[in-house]
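Enquirer: Okay, here's what each chain looks like letter by letter:
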Amino acid sequence: MTVTRSWIVNGERRTVRFDPLARLLDVIRGQLGLCAAKEGCGEGECGACSVVLDGELHLACLTAAAQVDDGAVLLTAEGLEDLELGRSLKAAFDRQGAVQCGYCTPAMLLGGYALLSNTPSPDEEQIRAALAGHLCRCTGYATIVAAIREATS
Amino acid sequence: MIGADQRRKDSQSKMAGTTRYTADISYEGMLHGAVVRAPLARGRIRAIRRVEDAGVDWSRVVFATAEDIPGKRHVQMIAADMPFLAWDEVFYNGEPVALVAAESREEAETARRAVVVEMEPLPATLTLDELVERHRQGVEQHELARWHLGRGDVRAGLAAADVVLEDSYTTPHQEQAYLETNAVIAVPEAGGRMRVEGSMQCPYYVAPAVAGMLGTDLDHLHARALPMGGAFGGKEDFPSLLAGHAALLAHVSGRPVRIVLDRAEDVAYTTKRHPSWTRIRAGARSDGTLCAVDIDIVFDGGAYITMSPVVLSRGAIHAPGAYSWPAAEVNAVAYRSNTPPNGAFRGFGVPQTLYAIESHVDRLARACGMEPHAFREKNRLREGDLTATGQRIDDTVASRQVLEKALEISGFEEKHRAWGVFRPAGGRAKKGVGMALYWHGAGFTGGGEARIAARVALDLRDDGLAHIRVSSTEMGQGAHTVLPQIVAETLGVPVDRVVVDPPDTAEVPDSGPTVASRTTMIVGGELETCARAARDRLLEAVGRLTGRDAGALALEGGEIRDGDEVLGGFSDLLRRALGEAGEPRWELTSQHRLAPHIRWDEATHTGDAYATYAWGCTIAEVEVDLDLYEVRVPRIWVAVDVGRAVNPTLARGQVEGGTLQAVGYALCEEVGVRPDGALLRDRFQTYILPTTLDSPRMEVALVEVPYGRGPGGAKGLGEMPMNGAAPAVANAVEHALGIRVCDLPITPEKIFAALEERK
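From first to last, the protein sequence lines stand for chains A and B.
127 is the number that the working numbering gives to position 147 of the first sequence; each next residue is one higher, with no gaps.
For the working numbering, add 62 to where a residue sits in the second sequence, where the first one is 1.
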């Protein structure tokens, strides 16, 4: 038995077929071939698997792919280059030195994207609260927070 | 370029999600491997059985035990005591005993669970407490390493002191918690060769270990480091074991095999920071002059030797701290326990002993009636002073600069006088401020760099680029940006004209492991030499090509000039010169030698322990909630001496990241051991890492006291930031509450207990 869904992925219509119990993360990484979303813990603690689903940030490791309806709009880090806010976030991350090992980076960018889409000028507390579900072991977070601030200005 | 905030070479692909880490790579016909593990902390294996009727079609599963190993059964490290797969006695819960591989990860997992390991249990040692108890009672136990070092008459020194303070300090396991778990792929190649590739800091550790296991040589087995999602020492020695597992499955099946650990396996079974116990007896005169220190150190090495001798050595050498002691003695021992082997983690033994001595020095200052910064200023190591190993500290000492800078940016003196236990702040929180002064030897200890004798190569190629060929890996620290900066600076070309070839043992010389804060300083230094030779070689060739005197030519900003006249761009002229010579590339090589004045006796641990030291001072502000006893760290200030920051943005990133790891070490990170020897907190739901909400605002000051033998003056940096924050936080907590927790992490439970005890 398989489930079929048709989603808008990074601006393109994509049709996927998967096992009813499949995790969204495995469908994205496997069938869609988009590897920016990472499995860091598999239990919703690290946030490295985050994707933006209909404008909201979701943990793809805890989301059943079958729960994502036809017509859903999915954004992964691969799609950020096509968006103005995505490009300015990436430029700010690069300038601030917010990228180190890179494993948390795609999801961090999406976390910033989801925040700024809903709250265009967050203060530092709001940025820190919005990113509290993303673990980064390399940076100490300061450069990431600074990059998101920079992208707002 | 040196000193410039050059953007990372890998940032665009990492942000776009196109960087391929090990778990992102598949091959045609690839199988998924999994490791079958021992269910007890210690015992003898009686049988390894594949259960029939467990929903597994065993004809579809590749299965291997130690009996299938064609070559050496032990992993070649400092000692060869750890088996790839146990076949007789097991020394920790979770030790690998068999391997399975199947078409999917799920099938492999099902098969793994359907293997039963029958064992006869034996008595096990599970905790640091047990090791320390036996140590204190003088009961003999299995030693993995032991060192003694010292200088001067400690007994007389302590007898002459006005104040003598004794206490002991303990630290727990710490998990590296890189976001990418350990992962490796073994790929059979034509001609009976095999490649192992994956998340590894040290391909030249992995290749000989796996070749030995397969009974082959380095011509038939090569190791390639792929982009790494963090490592912090956790991918120094462990990948040799995991690569052996993937290679054995690939050898048995003839197919590519990938093993990606899940988070729980990675936390539970890979190396961690050694738990430690450090007892210090230290004396000072009432005017604050240090007299003598006697230090006794016990590390829990875990089940096998792995890196314990060198971790313990570095911890022991740094144990007296960044101070001038007229007499000092250090006895250090690592014992075996029946827990997973402990290994490398940023700081490599130093965060443990530095936490102890910096806590103790703070208390000694108070006992002498001195403020913490004044006491440190009085006693810090200065140019010309001797360390406990008898090394005379040279002109690169920056203890004064980092101390002054940290005091200045933090406003420590004012805060220290205004806050603290005797002047409670309003509300339900008390504020405190604490400091730590520290050092960190750059590069391998003693003769280590002479033994490694790092070899590097720089190619000028007909693609118009300079190619760096080293085994030094990129794990997020920025080596593959910083090394090109050093080459570009010396060669006189833009950074985009310099690329780093993949660290593959079939392609690059052995520039040593990517550890010990040695890559920028040592490997970068040798590349600087190559780049100078490369420039001369190219200018000579261009001189011949254009009929000019090579001595009059210069390469600057990517252009070759004769006086004011531009002869052409670097890439164009390089292609033409190589074409003229009929060669595809020129290879320039260099090999590291220790400075001739360095003397080191490993047996007695006397002499020049490190070619140079980096210096740091960390100041932490804490707020302790008086209802919950929770410690917050709102702000941290760090001043570090890096010799020269090749890339200040990346250097700050190292300092900030290392500092937060140390805050986690101070306050929340703890693994724990269950009664059956399995580790207690083996996942991110239970092993607590600092988040954006727990991390302090940080201010970092880079102090630059150049080191003559480092490229552009650079010293090692990566590990040092891990040393400072834990003792600074501990000292700030004492400042706030007037109690001392001598056992990391400083949890609310321990604060509660200490306050109750004081009542």
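Calculated directly from the structure, the hints in this document are not laboratory data.
Among the hints, a few may not be true.
To be verified - Lysine to any residue pairs mimicking SDA-like chemistry, simulated, CA-CA at most 20 Å apart:
hint: 1; chain 1: B; residue 1: K467; chain 2: B; residue 2: R743
hint: 2; chain 1: B; residue 1: K812; chain 2: B; residue 2: R743
hint: 3; chain 1: B; residue 1: K812; chain 2: B; residue 2: R759
hint: 4; chain 1: B; residue 1: K71; chain 2: A; residue 2: L12
hint: 5; chain 1: B; residue 1: K812; chain 2: B; residue 2: G800
hint: 6; chain 1: B; residue 1: K467; chain 2: B; residue 2: E445
hint: 7; chain 1: B; residue 1: K467; chain 2: B; residue 2: R444
hint: 8; chain 1: B; residue 1: K812; chain 2: B; residue 2: L751
hint: 9; chain 1: B; residue 1: K493; chain 2: B; residue 2: G800
hint: 10; chain 1: B; residue 1: K71; chain 2: A; residue 2: A71
hint: 11; chain 1: B; residue 1: K493; chain 2: B; residue 2: E433
hint: 12; chain 1: B; residue 1: K71; chain 2: A; residue 2: E61
hint: 13; chain 1: B; residue 1: K71; chain 2: A; residue 2: R75
hint: 14; chain 1: B; residue 1: K71; chain 2: A; residue 2: S68
hint: 15; chain 1: B; residue 1: K71; chain 2: A; residue 2: T43
Enquirer: For this structure, which hints from the list above don't hold up?
Expert: Numbers 1, 3, 4 and 15, in rising order.
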